[in-house]
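Chains A and B supply the protein sequences, listed in that same order.
All residue numbers for the first sequence refer to our numbering, where the first residue is 1 and numbers rise by one.
All residue numbers for the second sequence refer to our numbering, where the first residue is 520 and numbers rise by one.
Keep in mind that the hints were calculated from the coordinates and are not lab data.
Hints are not guaranteed to be accurate.
[Said to hold, decoys possible] With a cut-off of at most 30 Å between alpha-carbon atoms, the simulated BS3-like pairs for lysine-lysine come out as follows:
#1 A:K36 - A:K380
#2 A:K380 - B:K692
#3 B:K604 - A:K11
#4 A:K494 - B:K604
#5 B:K604 - A:K308
#6 A:K36 - B:K692
#7 B:K693 - A:K445
#8 B:K693 - A:K11
#9 A:K36 - B:K604
#10 B:K529 - A:K35
#11 B:K529 - A:K36
#12 A:K11 - B:K537
#13 A:K500 - B:K604
#14 B:K529 - B:K587
#15 B:K587 - A:K35
#16 A:K35 - B:K532
#17 A:K37 - B:K537
#18 B:K693 - A:K494
#19 A:K345 - A:K308
#20 A:K500 - B:K692
#21 B:K604 - A:K35
[Stated by the list, open to error] Part of the chain A face toward chain B, derived, beta carbon under 7 Å:
#22 H17
#23 N23
#24 I26
#25 I30
#26 P32
#27 L55
#28 M56
#29 K445
C-beta atoms are modelled at their ideal positions from N, C-alpha and C, and glycine is treated no differently.
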Amino acid sequence: MNIDNFEDRIKEAFGRHRPATDNDAIWENIEPHLKKKKKRRAIIFFWWGLGLGFLMLFWWVSEREPAAPPKASSAIEKRVVVPPPEKAAPDKMPAFSTPEKTAAKPRSRNKAADTGDSATRFAKNPAAVPQVKPIPVDKSVAVKFAGTAENSGPKTTNAIITESPVAERRPVEVSKSAIPMSEETRHNAVPETAAPGIAENDTPGNREVAANEEPGNSEFTGEGDPEKPVNIEKEHTASERSEKEVNEKTDKKTSKDKPKEPGKKRKKRKFKWEEHLSVQAGPALAVRQLRARSGLSDPADGYLAGRKSTEKSLESFTAGFFYSASTRKGLVLKAGLDYRQTNEKFHLAFTETETIQLNGVVTVTVDGSGNIIGQTTGPKTITKTTEYANTAYNHYRFVNLPVGIGHRQAGKKSHWELSAGVDVNLFFRAAGTIYNRFNEPTPLKGGSMFYDEVFRRSTGLGGWASFAYGRKLTDKLRWQVSANIQMPLSPVTKTDYELKQRYFNFGVQAGVVYQVKKL
Amino acid sequence: MRSDFNQILKSCKNYDRKAQRQMVDLLAPFLSAVCKRYERSHPNVQDLVQEALILIFNNIEQCRGEEKAFMCWCRRIAINVCLQKFRKKALLTESLETGADPAVSPGIFSKMGVDDILQILDALPENQRLVFNLNVLDGYSHAEISRELNIGESNSRALLTRARAALQVLITKKETLNNEYR
Chain A
1 MNIDNFEDRI KEAFGRHRPA TDNDAIWENI EPHLKKKKKR RAIIFFWWGL
51 GLGFLMLFWW VSEREPAAPP KASSAIEKRV VVPPPEKAAP DKMPAFSTPE
101 KTAAKPRSRN KAADTGDSAT RFAKNPAAVP QVKPIPVDKS VAVKFAGTAE
151 NSGPKTTNAI ITESPVAERR PVEVSKSAIP MSEETRHNAV PETAAPGIAE
201 NDTPGNREVA ANEEPGNSEF TGEGDPEKPV NIEKEHTASE RSEKEVNEKT
251 DKKTSKDKPK EPGKKRKKRK FKWEEHLSVQ AGPALAVRQL RARSGLSDPA
301 DGYLAGRKST EKSLESFTAG FFYSASTRKG LVLKAGLDYR QTNEKFHLAF
351 TETETIQLNG VVTVTVDGSG NIIGQTTGPK TITKTTEYAN TAYNHYRFVN
401 LPVGIGHRQA GKKSHWELSA GVDVNLFFRA AGTIYNRFNE PTPLKGGSMF
451 YDEVFRRSTG LGGWASFAYG RKLTDKLRWQ VSANIQMPLS PVTKTDYELK
501 QRYFNFGVQA GVVYQVKKL
Chain B
520 MRSDFNQILK SCKNYDRKAQ RQMVDLLAPF LSAVCKRYER SHPNVQDLVQ
570 EALILIFNNI EQCRGEEKAF MCWCRRIAIN VCLQKFRKKA LLTESLETGA
620 DPAVSPGIFS KMGVDDILQI LDALPENQRL VFNLNVLDGY SHAEISRELN
670 IGESNSRALL TRARAALQVL ITKKETLNNE YR
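Next comes chain A alone, as it looks inside the complex (with noise of 0.2 Å):
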């Protein structure tokens, strides 16, 4: 049997072979060292997700305040609706509107008789008695009743419901009837004004008071006969003339009103944002800390002067853009993203030396035709000597999120600004090549097995703080220059690697500062 027979039982053999060993022994060993569930994508998310939410925030807050006027006249439309406590009796149903009051004047001229007239009326037909029903009141509908309080005078219940037709056909707009009306205002509105029409002015909130209206209302409109047709057109032009005057008016003294009122002085004191759109890069210096990390039972002390030796730190540069908002008091917000990239250069020259030995045949001596005279056998040792030399350049690459805050003090041709803040690291990359445990020079690819035990694939939180000084170029345009230092708080490196590396930048960078929105 040959040697190829050697090697096949040989295959045979170990193909079987299972030798014992001790497993909870190697479990124990080993259960330190493996890996927890992942949640790196979930905390990527997480940050992602606090920046876009820093970001709407500020969007939110810089929209929301031009929807502010509105909301002031809203406040004056609640104030109007309380009555006057002198003329409206608890008990009463709330006064009429400007034009509905205007139309029931020439009533209120004979108010004795016409008040006689209707308690006769209802005397006698008591089933005619409008009952009084509280009237389900939405905001238009109180509105609409509560300016003219002082002019309803002591009217009854009676005429209240028998004028709420009326009333409900005259829409009046809350600021406008929410003013007093004046006696010349009164004076010519009366002899005009009667029931206005009612399809063109028919709202919900009229359409509402008009389902309480009595069967026998009809009977006290106009003049308090029911028979006597109005003329609902010129009433309507003559009711509008009034309106417009009243409107008039009212505009100026609610304008007038506006600066005394609480809930505005309230509204100025809401932040105002100035924001700022930011491109900035710049040159930084990097510095490199590599050392090796205590409570690992292996010193890498070997390995750390080998990395040492063979890694040169040469030059950094970043570029990012900040949105940043501040406030008239100088206060600022900061977030934005910003790439940082670290080259260094790998330099490595080695010597190996092989050592042959040669049996046989050394050296032949041959005559003038060729003839061998004479020769040595061997053994002869021959020495091979082999120079390796290699250089690459690395390169560190990181995408962080910077978040801040800090103090905006703003001029008019200049500005500086002090600020401070986190960022979260949301990528990191390692390119190049470095020395492995056994000193050996081994490239770094994303995804091989060797990047995977060496270097973390985010770097986690650092800190930063800034100093800028900027001037202005165009009405919204700044040039802006900053000096900053950004410092990670966890290595780049892998918990269970022998070596803790880190870098530290210190740059400066220009820039440009676009304002986007003015306080």
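Add chain B to chain A, keeping to what the hints say.
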């Protein structure tokens, strides 16, 4: 059995500790057999197995296949771990003279157990043992061996030839010793 293994493998990919413990029972003897061929000292074999297991469990997501592919992947990792340890040591040096090709008695193979074979392999110079293991037992080509061991392909071939020759010498010696004892 196969479905059980795949179930454990799936759970291991989810970093389930119980499944990992079960996988240790399945893998440790297999990895130990691989590492024993590369490492002479027994305590070091256990270290190598542990190191290989840590790498396997922490990178298990990268293995896409099922049982057979997974076992091949594990064996490869174990071999890489052994080679890394080997690289840590001194550079390859030749220390054994190669002699003539002695004839090998066929009867000796049937009497040899795995431990005897390991003993013979251990007697080989380290570089020859490595090349023999990689090429003959683990099926690496000379190109792959040259990459792994950072040597030339021709050097790898030469080492294999010498390993084979040395093995024949060692087997003959062992046979002679056995005969003397009898």
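Now the hints, each set against the structure:
1. A:K36 - A:K380: Status violated; Cα separation ~57 Å.
2. A:K380 - B:K692: Given that 30 Å is the threshold and the Cα spacing comes to 26 Å, the pair holds.
3. B:K604 - A:K11: Distance ~24 Å between K604 (chain B) and K11 (chain A) Cα, so the pair holds.
4. A:K494 - B:K604: OK: K494 (chain A) and K604 (chain B) at ~21 Å, within 30 Å.
5. B:K604 - A:K308: Distance of about 22 Å is within 30 Å: holds.
6. A:K36 - B:K692: violated, 52 Å
7. B:K693 - A:K445: Status violated; Cα separation ~48 Å.
8. B:K693 - A:K11: Judged against 30 Å, a Cα distance of about 20 Å means the pair holds.
9. A:K36 - B:K604: Roughly 27 Å between the alpha carbons, so the hint for K36 (chain A) and K604 (chain B) holds.
10. B:K529 - A:K35: holds, 15 Å
11. B:K529 - A:K36: Status holds; Cα separation ~15 Å.
12. A:K11 - B:K537: violated, 33 Å
13. A:K500 - B:K604: holds, 22 Å
14. B:K529 - B:K587: holds, 14 Å
15. B:K587 - A:K35: At roughly 24 Å apart (the allowed maximum being 30 Å), K35 (chain A) and K587 (chain B) satisfy the hint.
16. A:K35 - B:K532: Distance ~11 Å between K35 (chain A) and K532 (chain B) Cα, so the pair holds.
17. A:K37 - B:K537: Answer holds: K37 (chain A) to K537 (chain B) is near 13 Å, not above 30 Å.
18. B:K693 - A:K494: The hint is violated at about 50 Å.
19. A:K345 - A:K308: holds, 11 Å
20. A:K500 - B:K692: Judged against 30 Å, a Cα distance of about 53 Å means the pair is violated.
21. B:K604 - A:K35: Between K604 (chain B) and K35 (chain A) the Cα gap is close to 23 Å, so the pair holds against 30 Å.
22. H17: holds, 5 Å
23. N23: Check passed: Cβ of N23 (chain A) comes within 5 Å of chain B, closer than 7 Å.
24. I26: The hint holds - I26 (chain A) has a Cβ within 7 Å of chain B, the shortest such distance being about 6 Å.
25. I30: Holds, because the Cβ-Cβ distance from I30 (chain A) to chain B comes to roughly 5 Å (cut-off 7 Å).
26. P32: violated, 10 Å
27. L55: violated, 34 Å
28. M56: Violated, about 35 Å.
29. K445: Result: violated, 13 Å to nearest chain B Cβ.
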